[in-house]
Structures are given as C-alpha cells and as structure tokens.
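Numbering (this note's numbering), first residue to last: 7 to 415.
A hint or two may mislead.
As the list claims (entries may be wrong) - SDA-like mimics (lysine to any residue), calculated; alpha carbons at most 25 Å apart, straight line:
| hint | residue 1 | residue 2 |
| --- | --- | --- |
| 1 | Lys227 | Asp342 |
| 2 | Lys227 | His237 |
| 3 | Lys265 | Phe250 |
| 4 | Lys249 | Cys410 |
| 5 | Lys162 | Ser278 |
| 6 | Lys304 | Pro323 |
| 7 | Lys227 | Ile303 |
| 8 | Lys227 | Pro323 |
| 9 | Lys265 | Asp342 |
| 10 | Lys268 | Pro323 |
| 11 | Lys265 | Gln281 |
| 12 | Lys69 | Met7 |
| 13 | Lys304 | Glu289 |
| 14 | Lys249 | Val186 |
| 15 | Lys322 | Val365 |
| 16 | Lys227 | Lys322 |
| 17 | Lys69 | Arg84 |
| 18 | Lys265 | Asp251 |
| 19 | Lys327 | Asp342 |
| 20 | Lys69 | Arg144 |
| 21 | Lys162 | Phe148 |
| 22 | Lys51 | Glu105 |
| 23 | Lys268 | Ser164 |
| 24 | Lys162 | Val365 |
| 25 | Lys161 | Pro240 |
| 26 | Lys161 | Thr258 |
| 27 | Lys161 | Gly182 |
| 28 | Lys242 | Glu105 |
| 29 | Lys249 | Pro356 |
| 30 | Lys322 | Ala295 |
| 31 | Lys249 | Pro259 |
| 32 | Lys24 | Asp143 |
| 33 | Lys322 | Asp342 |
| 34 | Lys140 | Phe338 |
These are calculated hints, taken from the structure and not from any lab test.
Predicted model only: the values in this text are computed from it and were never measured.
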Amino acid sequence: MDQIYEDAELSIIAIGAKDPSYGLPGLSLGRTQHSPITKTIGQQKIVTNFSHQWQLDQISRSKWSTRGWTFQETCLSRRRLYFSNYEVSFECHDMMCFEHLTRPLALQGNLEHHERPEWTLLNTPDGIWAIFQKYCDRQLRFSSDRLAAVSGVLKKWSRVNPGCFSYWGIPIVASGWPVVDATASKRAFLAGLQWEIRPEGKNYARLGAFPSWSWVSQNGKTLFGHQGYFHLRPPKLVELTDKFDAEVWVETPQGDIIKWAKFYESGGLDSSILQCTRYLHLECWSFEAGPLCYREIKRRSGTAHDDMFYLPTTRKPLDGKGEFVVKFTPDFGYEDTFLGRNLTAVCFSPLEYATCAIVLESIPGLTVRIGLLAFMRIEDLGSHESQTPENLPFSGLPFASQRCRFRWG
Numbered sequence: 007m008d009q010i011y012e013d014a015e016l017s018i019i020a021i022g023a024k025d026p027s028y029g030l031p032g033l034s035l036g037r038t039q040h041s042p043i044t045k046t047i048g049q050q051k052i053v054t055n056f057s058h059q060w061q062l063d064q065i066s067r068s069k070w071s072t073r074g075w076t077f078q079e080t081c082l083s084r085r086r087l088y089f090s091n092y093e094v095s096f097e098c099h100d101m102m103c104f105e106h107l108t109r110p111l112a113l114q115g116n117l118e119h120h121e122r123p124e125w126t127l128l129n130t131p132d133g134i135w136a137i138f139q140k141y142c143d144r145q146l147r148f149s150s151d152r153l154a155a156v157s158g159v160l161k162k163w164s165r166v167n168p169g170c171f172s173y174w175g176i177p178i179v180a181s182g183w184p185v186v187d188a189t190a191s192k193r194a195f196l197a198g199l200q201w202e203i204r205p206e207g208k209n210y211a212r213l214g215a216f217p218s219w220s221w222v223s224q225n226g227k228t229l230f231g232h233q234g235y236f237h238l239r240p241p242k243l244v245e246l247t248d249k250f251d252a253e254v255w256v257e258t259p260q261g262d263i264i265k266w267a268k269f270y271e272s273g274g275l276d277s278s279i280l281q282c283t284r285y286l287h288l289e290c291w292s293f294e295a296g297p298l299c300y301r302e303i304k305r306r307s308g309t310a311h312d313d314m315f316y317l318p319t320t321r322k323p324l325d326g327k328g329e330f331v332v333k334f335t336p337d338f339g340y341e342d343t344f345l346g347r348n349l350t351a352v353c354f355s356p357l358e359y360a361t362c363a364i365v366l367e368s369i370p371g372l373t374v375r376i377g378l379l380a381f382m383r384i385e386d387l388g389s390h391e392s393q394t395p396e397n398l399p400f401s402g403l404p405f406a407s408q409r410c411r412f413r414w415g
C-alpha cells in the first residue's frame, strides 16, 4: 500500500461518507448550500463568507478520520481532495486550499495551515511511537486487519529511516547505534517488546492470529515503554538497552530455529513475515512472584476508580510519601482471573538492571504473554490517590532469577 499511495497523484476522500456506496457530494449527491451574509455599513458592503473551519471540523469528525484502514491515507497520501457536504478542499504538504475562498493560491497556502503531524513523524525514527498511538485510537471492523492496515506505514517508515525495521508490527529503532548490526537490531527489537495496554483500552481476549509478544495481538490501545512515554519523550535506546543480555532465535515454517544474527544478516527483516512463523525462542532471566493483591485506587468524586493488581514491597520513597509496589498490567482478561495468582516473569537483563518484566503463561508446547510488571508509586493525596510510574530496578526484592529458554508465540 505504501507504493500505491506514493505513486498516486491524488487521493479522493468522501469525508461525509458513512459507507462505501455513499457517493461524492456535489457530483453524485447534492450538498448543503450556504448563502453569504451581507450587510451595508455606510457606503461599505460587507459580505461574510463560509468559514474554512467548518470544513476542517468535517474532516476531523468524519468516519474517515476514525477508521483504521484510512490511517494509511493520512500518513502516505501526497495530495488529498476532500469532498464534504459543504465544499471541496485540497491538501498537500505545502498548503490547504478551500473552494469558498477567493484569495490567491499563495495566500491560501499560508492560511492557518500546519503540515499534518503524521507526515513529520513518518520521516523520523522515533516518530513511530506516536504513529502507533494515533493508529491505536482508530477502529477496525475486523480485528484480523490490525497488522495489515498499518503495514504500508511501517514499510514507508523503514524505507525513509536508515536503521529502522519492523517485525510482526514491533518497531525496531536501531538508528541510534554507531553501527547498525545484528546486535543493535536485536536490542532495539527487545525494547519494542516492552509495550503495555493503556488503562482505557482494556480488552478481554487475545487476537489468536497474531503472536502474543506483539501489540497487534491486542484490541486495546497500546503504549510503548513500561512507563508508556515513548511517544512523548523518545528514549535513547542505546542507553536503555545497554544491559540487555537476552538471546533471540526465529522459527521458520520448516521448523528451523535461526539465531537472530543469522536472521538479520540474511535479510530476514526485509522479507515478508509470511516467510517466518510467529514463534520466537528466547533465552533470558526468569523469576516467580506472587500472589497478586488487589487494590481500588480512589479518584475524585464523579470519576471511576482504577483497579490495580500488584505485588507489595517493603521499599519506601525517600521523601516518605506513599509506597512502592510492583504493578501488574494485564494485556487482557477479567479481574477475578488474576486475584491471588502467582506469576512467571522474564527480564532481558539481570534483575539489578531490569526496570520492567514481561509476564508469561505456559500452555502445552508454548509460552504466551499476558501482561507487564513494573514499579509504581501510590500516594494518598487526601481526597484521592494517585499512581505514578517509577523507573526502579527489581534488585532487593525477594525474586530468585535464573536463565531459561522458552518458545514464545
């Protein structure tokens, strides 16, 4: 799809459409007429024209701007022609022009037009974190399209940013390394596995068509980084992954297990995911923890309480305010399935350096991801409590870790 949009001269968008057979207002459909308001003041005749803000509002509120499949048009189209019930407008990288305006084209180009953030984000390595957040806010009729609907964006992002790749939807931002090699790409890939579901985006089932280690296996809204801040403050992955010592293998459809270095050097990241299975083999640090406790975080009157599953700790903040706990953020599921449960978690670095852990569940012949563990500060602020993510290592906690290898799907 990225190549289709790149070769296209123009994308025609019916922003008032509710379904594919809606038509184009002004061509196959009639449209609302807006007569100008005229008023005479002395010898001057003043004519008010249709505000371009109406058209911008139509675009932002349209079904087109909420659909998952049309996100690629937002990111990849070089030029767009919008048909609304009010007028036709044109947008490109340099300007936005409106049918109702009579000013010269050059002036229209300067009229409150700001280049769409998706265009800028796509051309920077770290822009991918914000792109995913925007994509996850959109809706798909079929959950099975979750990866396909953004694949064109990923291909374009990889092509224009050297050192950037993706695998099963996981962004691999290796552009910050002095040398982009197998080690750099592996560490960047592991960092991309540390995503979490946004609280308002909780879902109750995994999408079975995708690997559990990828965010595309969830219907919920996803944030990257265990504090969910990558889209706001892009991390320095070279430093963040400095202590990673996990090993990764990729399983092929023929049953071969290929070490990450060979997979990368043979062009595996440039190939279609259909040439590989959704299974990884991982060797890293594992520990057991539990049982999980439950707490309802009070919030201001009129808002819903937050449900939190956590492991209590004896560690206290230096300022004496509140307490530290290890919070469990489930990828999916109902609350009563986690209460009192013991967890198996893995880290990509030794516990004295690890600040988050991925929680796993074993099923016959396979291990799947079910959530994320990370430190959280809970502080009583009088009328309500607050949760604040903390970047603390797991050292000092009663977790006995050991190296283990497992098949992850």
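The hints, checked one at a time:
1. Lys227 to Asp342: 22 Å, holds
2. Lys227 to His237: 13 Å, holds
3. Lys265 to Phe250: Holds. Lys265 to Phe250 sits at ~16 Å (cutoff 25 Å).
4. Lys249 to Cys410: 17 Å, holds
5. Lys162 to Ser278: 14 Å, holds
6. Lys304 to Pro323: Roughly 20 Å between the alpha carbons, so the hint for Lys304 and Pro323 holds.
7. Lys227 to Ile303: Holds, at about 21 Å.
8. Lys227 to Pro323: 30 Å, violated
9. Lys265 to Asp342: 39 Å, violated
10. Lys268 to Pro323: The hint is violated at about 45 Å.
11. Lys265 to Gln281: Judged against 25 Å, a Cα distance of about 15 Å means the pair holds.
12. Lys69 to Met7: 20 Å, holds
13. Lys304 to Glu289: 40 Å, violated
14. Lys249 to Val186: With a Cα-Cα distance of about 18 Å, the restraint between Lys249 and Val186 holds, given a limit of 25 Å.
15. Lys322 to Val365: OK: Lys322 and Val365 at ~24 Å, within 25 Å.
16. Lys227 to Lys322: Outside the cut-off at roughly 31 Å; violated.
17. Lys69 to Arg84: Holds, because 20 Å separates the two Cα atoms, which is no more than 25 Å.
18. Lys265 to Asp251: 14 Å, holds
19. Lys327 to Asp342: 30 Å, violated
20. Lys69 to Arg144: Given that 25 Å is the threshold and the Cα spacing comes to 10 Å, the pair holds.
21. Lys162 to Phe148: Roughly 23 Å between the alpha carbons, so the hint for Lys162 and Phe148 holds.
22. Lys51 to Glu105: 22 Å, holds
23. Lys268 to Ser164: Judged against 25 Å, a Cα distance of about 20 Å means the pair holds.
24. Lys162 to Val365: 32 Å, violated
25. Lys161 to Pro240: 20 Å, holds
26. Lys161 to Thr258: 22 Å, holds
27. Lys161 to Gly182: This hinted pair holds, its Cα atoms lying about 19 Å apart.
28. Lys242 to Glu105: 45 Å, violated
29. Lys249 to Pro356: With Cα atoms ~8 Å apart, Lys249 and Pro356 stay inside 25 Å; holds.
30. Lys322 to Ala295: 19 Å, holds
31. Lys249 to Pro259: 32 Å, violated
32. Lys24 to Asp143: The given pair, whose Cα atoms are some 19 Å apart, holds under the 25 Å limit.
33. Lys322 to Asp342: 28 Å, violated
34. Lys140 to Phe338: 21 Å, holds
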